[in-house]
Amino acid sequence: MPAVSKGDGMRGLAVFISDIRNCKSKEAEIKRINKELANIRSKFKGDKALDGYSKKKYVCKLLFIFLLGHDIDFGHMEAVNLLSSNKYTEKQIGYLFISVLVNSNSELIRLINNAIKNDLASRNPTFMCLALHCIANVGSREMGEAFAADIPRILVAGDSMDSVKQSAALCLLRLYKASPDLVPMGEWTARVVHLLNDQHMGVVTAAVSLITCLCKKNPDDFKTCISLAVSRLSRIVSSASTDLQDYTYYFVPAPWLSVKLLRLLQCYPPPEDAAVKGRLVECLETVLNKAQEPPKSKKVQHSNAKNAILFETISLIIHYDSEPNLLVRACNQLGQFLQHRETNLRYLALESMCTLASSEFSHEAVKTHIDTVINALKTERDVSVRQRAADLLYAMCDRSNAKQIVSEMLRYLETADYAIREEIVLKVAILAEKYAVDYSWYVDTILNLIRIAGDYVSEEVWYRVLQIVTNRDDVQGYAAKTVFEALQAPACHENMVKVGGYILGEFGNLIAGDPRSSPPVQFSLLHSKFHLCSVATRALLLSTYIKFINLFPETKATIQGVLRAGSQLRNADVELQQRAVEYLTLSSVASTDVLATVLEEMPPFPERESSILAKLKRKKGPGAASALDDGRRDASSNDINGGVEPTPSTVSTPSPSADLLGLRAAPPPAAPQAPAGAGNLLVDVSSDGPVAQPGLGPTPEEAFLSELEPPAPESPMALLADPAPAADPGPEDFGSPIPEADELLNKFVCKNNGVLFENQLLQIGVKSEFRQNLGRMYLFYGNKTSVQFQSFTPTVVHPGDLQTHLAVQTKRVAAQVDGGAQVQQVLNIECLRDFLTPPLLSVRFRYGGAPQSLTLKLPVTINKFFQPTEMAAQDFFQRWKQLSLPQQEAQKIFKATHPMDAEVTKAKLLGFGSALLDNVDPNPENFVGAGIIQTKALQVGCLLRLEPNAQAQMYRLTLRTSKESVSRHLCELLAQQF
Amino acid sequence: MIKFFLMVNKQGQTRLSKYYEHVDINKRTILETEVIKSCLSRSSEQCSFVEYKDFKLIYRQYAALFIVVGVNDTENEMAIYEFIHNFVEVLDEYFSRVTFWLILYCERGKNTSWG
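So the protein sequences, as listed, match chains A and B.
Position 584 of the first sequence, counting from 1, maps to 584 under full-length UniProt numbering, and the rest follow consecutively.
Position 41 of the second sequence, counting from 1, maps to 41 under full-length UniProt numbering, and the rest follow consecutively.
Be careful, since some hints might not be right.
Stated by the list, open to error - The calculated DSSO-like cross-link candidates involving lysine-lysine, where the alpha carbons are at most 30 Å apart (straight line), are:
no., chain 1, residue 1, chain 2, residue 2
1, A, K378, B, K27
2, B, K53, B, K3
3, A, K299, B, K3
4, B, K18, A, K223
5, A, K217, A, K767
6, B, K3, B, K27
7, B, K27, A, K177
8, A, K895, A, K784
9, A, K367, B, K10
10, A, K784, A, K751
11, B, K56, A, K216
12, A, K26, B, K18
13, A, K26, A, K48
14, A, K784, B, K18
15, A, K177, B, K18
16, A, K216, B, K18
17, A, K217, B, K18
18, B, K56, A, K177
19, A, K747, A, K177
20, B, K27, A, K299
21, A, K117, B, K27
22, A, K784, B, K53
23, B, K3, A, K26
24, B, K37, A, K216
25, A, K177, A, K751
26, A, K378, B, K37
27, A, K216, A, K177
28, A, K87, B, K3
29, A, K290, B, K56
30, A, K217, A, K963
31, A, K751, A, K767
32, B, K10, A, K216
33, A, K217, A, K177
34, A, K177, B, K3
35, A, K784, B, K27
36, B, K3, A, K217
37, A, K378, B, K56
38, B, K10, A, K26
The set of hints was computed from the structure by calculation and includes no laboratory data.
None of the values given here were measured: they were computed from a predicted structure.
Next up, chain A with everything else stripped away, as it sits in the complex:
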């Protein structure tokens, strides 16, 4: 780099700058600038040709004026002229001007590009570098179009100087980031990888940055970089502290390069080659060992650089998540930092430990630091460090320490910073629910939350406690007693009144036996809060009152008095008025029986995603759910260990309790379903917010509570029904398929291509083709965010013994998916025997640091292996008769769920895979089909008949096959399609 030399100083420029600096006012400055502009203009326009030096000087002045914030509308031509100068300083100023003030004047662009082309071809390394820097600085699409093809050539040319290679690598990186499509991949990519072996550390550093970016899109093309990166890293790590001369920073050899190499390795799974892996593990151990050695320098720069490498090493160890020994060592190292006097290190240690907590190998080791972390939560002076401590406590929480952690978080909440209170509230609510062994503890915890931080307890939190209390009858009495006691406090939070009102209205009878909480006492306690509450709460309390009339007939007169009072019946608020009027009338006209039916106890709520968790996710973005789900801890361990195929028992039958918080599945918010008829009014107890029409249509908020479908038969009392499995899903649990999995699967029974799944983060598209018993499926994973997905691992899981029926081979995909990018995965499928359940596709990745996972059903159903068979009517009937055993036939009569269109039906049947046979059925309305299911082991002949009844909007579907299970399965699959 040529240093700024005094001899070349432009005196005129220096004088001008000092003039400007001496200006006393803005006006004086503008005056001086205008004078200078006039002077420069006349020089440029003058007849006398300016020499290079003068041109350079004036261009510099213009540049300075521009940087002061004034518009410059001339001088571009002179700057372009400077580009073709042979003097470095002139060329440099020309490029500087162009880089800062490039404009899209096409005439000029052509000239500039021409000059750049000449310099790139000049073989003068300094000129080539200037040109490359200019391309990179401008970085426009036009520049990319003009030069993207040339730069790779310069980068890998044997005779390029080090400085040129370095600039070329960085320039290419810049162009690639701006417009990836312009950079052609080709034979040079392989040679770029070899730059990792370059003698010059600057070239290596630039090359690592470039490769790290390129390999994310094309991991396979750059796979060879793993071994080269490992050997380079190993040489650096084991080198003496002075070996690398210029690249040694305070006795640490090439710290930033080491960090970059470690980062590059995080783009890939652990090396497959045992020798490479061994060498890498050795490196990682060396770094961990060095952390324990006495420092070579007392300077903080030395330890900072060393720690930068250490933290990146730990990231890599966590990324691999396969070396228990290293994970535990990393954890111990971080444990030391937790008590370090440097705040920065404490912060980073807490942050890293948070990810370690989600690894099954180090979870226990992390837990040993609980006291230190709790102490940090109490004593740290920096809120962001406290926040990290709270995150870590949340991540390390499991059944064994939940009570301690929850109570510490509650204690912290009393003094917590306002900014993070709501989040702490949500976390406490989730932990309390997730790890509750006895529900009295859960109820206590939530009521404590409301007591301590009522303002920060969102609707979701108190709705949730109501849901749980409603669904668990063993806790209802306790809840009633506890809220009753809590309400006795002279000042209690309005949220407490809401919870108390609701619970007493439902379960107040459970404590009515105690004279201290007799019905009149309960009522007067609630009513004493009534007048201080908001409209929404008062509305809720009115519903409690009408429920009281049913529960405790002795309170009827008092309550009717309250309802009748002018303040209710003529309340200015239409909602309150309406409730008062309706409840009063209801209580007067309805018989006890009717009242008891209408005001019956709420049925259990259907299970769904915990609304609290959804809220935390929304609030924190992707980072929120981190480490929530211990079942996901093994995100990549299966791959790394060469994978024992997990055969989780919960896979094929979604276990409601294991998915207590709906972690794996994020169903779209259910559309509010209006409960029919008059029921509205009564289920409407939690209504807050203005109700639009007097008809009491449920607003979205109240639909949350009022959506009272009876619990689905397969998940009776699903909510928290069985805490045990929730606590400890086996490490190999891939999670149950998301609730919509079946529905999504159904969409693909009759088609092979389409979008399988889509949420805010991810889109999964499918393209597949099947022939005989073989199939090939392309899965396209699109990252819909602008943030890169990491540790992206889609896995195909065969639940039960499916593996003996269906073989699915998958190719591994890139572990990183860039924002907006799409990766493709190819699946080769072979049907060995007939099968009933489809394989599962489990997709896991980290988004913004938070593990995400979802499990879908892969759209591979038995009918995909259909081979259509044409046959005449006679043959068909003959075979039909042959398959006349009762178990060979499956029949279903069902209502049409789609409009009954013959053409659509035809298309669906063809898509299903069978041949459509015309002129077979005497009734032309009916459809008849035939086909053979091809598996490796056997073939199953199938005949089908579909009889639509347009009048009744019904179908009758009959399947006859040579195999009982196939008949039934096909019949079920097909029946869902119409």
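Since the structure of chain A is already known, use the hints to place chain B on it.
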């Protein structure tokens, strides 16, 4: 990945800015104001990493000068933190004769800012 690099004086004026991702000129001003505010308000006991929207700020103070680097969340905080110091050392070495600090602090005129 580094998203931007800022040099700011204690008065909150930007002295140098470099963006590695496209940000609208108008948005830059707002962003810089917010970024600077969140760094200036911190005490020396607090850590040098600040979460800001969807990225992280890493800052170091040199007398009255703050250097703030915005990075995405996969970046190694410590490496960037020390990189700032390395950068300062390089500047110091390279511009020593023209007294680099003087350039950055020079208070010309009353309300003009440099760069």
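Going down the list of hints, with the structure as the test:
{"no.": "1", "hint": "A:K378 to B:K27", "result": "violated, 38 Å"}
{"no.": "2", "hint": "B:K53 to B:K3", "result": "holds, 13 Å"}
{"no.": "3", "hint": "A:K299 to B:K3", "result": "holds, 29 Å"}
{"no.": "4", "hint": "B:K18 to A:K223", "result": "violated, 33 Å"}
{"no.": "5", "hint": "A:K217 to A:K767", "result": "holds, 21 Å"}
{"no.": "6", "hint": "B:K3 to B:K27", "result": "holds, 14 Å"}
{"no.": "7", "hint": "B:K27 to A:K177", "result": "holds, 21 Å"}
{"no.": "8", "hint": "A:K895 to A:K784", "result": "violated, 38 Å"}
{"no.": "9", "hint": "A:K367 to B:K10", "result": "violated, 42 Å"}
{"no.": "10", "hint": "A:K784 to A:K751", "result": "holds, 24 Å"}
{"no.": "11", "hint": "B:K56 to A:K216", "result": "holds, 22 Å"}
{"no.": "12", "hint": "A:K26 to B:K18", "result": "holds, 26 Å"}
{"no.": "13", "hint": "A:K26 to A:K48", "result": "violated, 34 Å"}
{"no.": "14", "hint": "A:K784 to B:K18", "result": "holds, 28 Å"}
{"no.": "15", "hint": "A:K177 to B:K18", "result": "holds, 16 Å"}
{"no.": "16", "hint": "A:K216 to B:K18", "result": "holds, 25 Å"}
{"no.": "17", "hint": "A:K217 to B:K18", "result": "holds, 27 Å"}
{"no.": "18", "hint": "B:K56 to A:K177", "result": "holds, 20 Å"}
{"no.": "19", "hint": "A:K747 to A:K177", "result": "violated, 38 Å"}
{"no.": "20", "hint": "B:K27 to A:K299", "result": "violated, 39 Å"}
{"no.": "21", "hint": "A:K117 to B:K27", "result": "violated, 35 Å"}
{"no.": "22", "hint": "A:K784 to B:K53", "result": "holds, 19 Å"}
{"no.": "23", "hint": "B:K3 to A:K26", "result": "violated, 34 Å"}
{"no.": "24", "hint": "B:K37 to A:K216", "result": "violated, 35 Å"}
{"no.": "25", "hint": "A:K177 to A:K751", "result": "violated, 37 Å"}
{"no.": "26", "hint": "A:K378 to B:K37", "result": "holds, 26 Å"}
{"no.": "27", "hint": "A:K216 to A:K177", "result": "holds, 12 Å"}
{"no.": "28", "hint": "A:K87 to B:K3", "result": "violated, 34 Å"}
{"no.": "29", "hint": "A:K290 to B:K56", "result": "holds, 28 Å"}
{"no.": "30", "hint": "A:K217 to A:K963", "result": "violated, 47 Å"}
{"no.": "31", "hint": "A:K751 to A:K767", "result": "holds, 9 Å"}
{"no.": "32", "hint": "B:K10 to A:K216", "result": "violated, 40 Å"}
{"no.": "33", "hint": "A:K217 to A:K177", "result": "holds, 12 Å"}
{"no.": "34", "hint": "A:K177 to B:K3", "result": "holds, 12 Å"}
{"no.": "35", "hint": "A:K784 to B:K27", "result": "holds, 24 Å"}
{"no.": "36", "hint": "B:K3 to A:K217", "result": "holds, 20 Å"}
{"no.": "37", "hint": "A:K378 to B:K56", "result": "holds, 24 Å"}
{"no.": "38", "hint": "B:K10 to A:K26", "result": "holds, 23 Å"}
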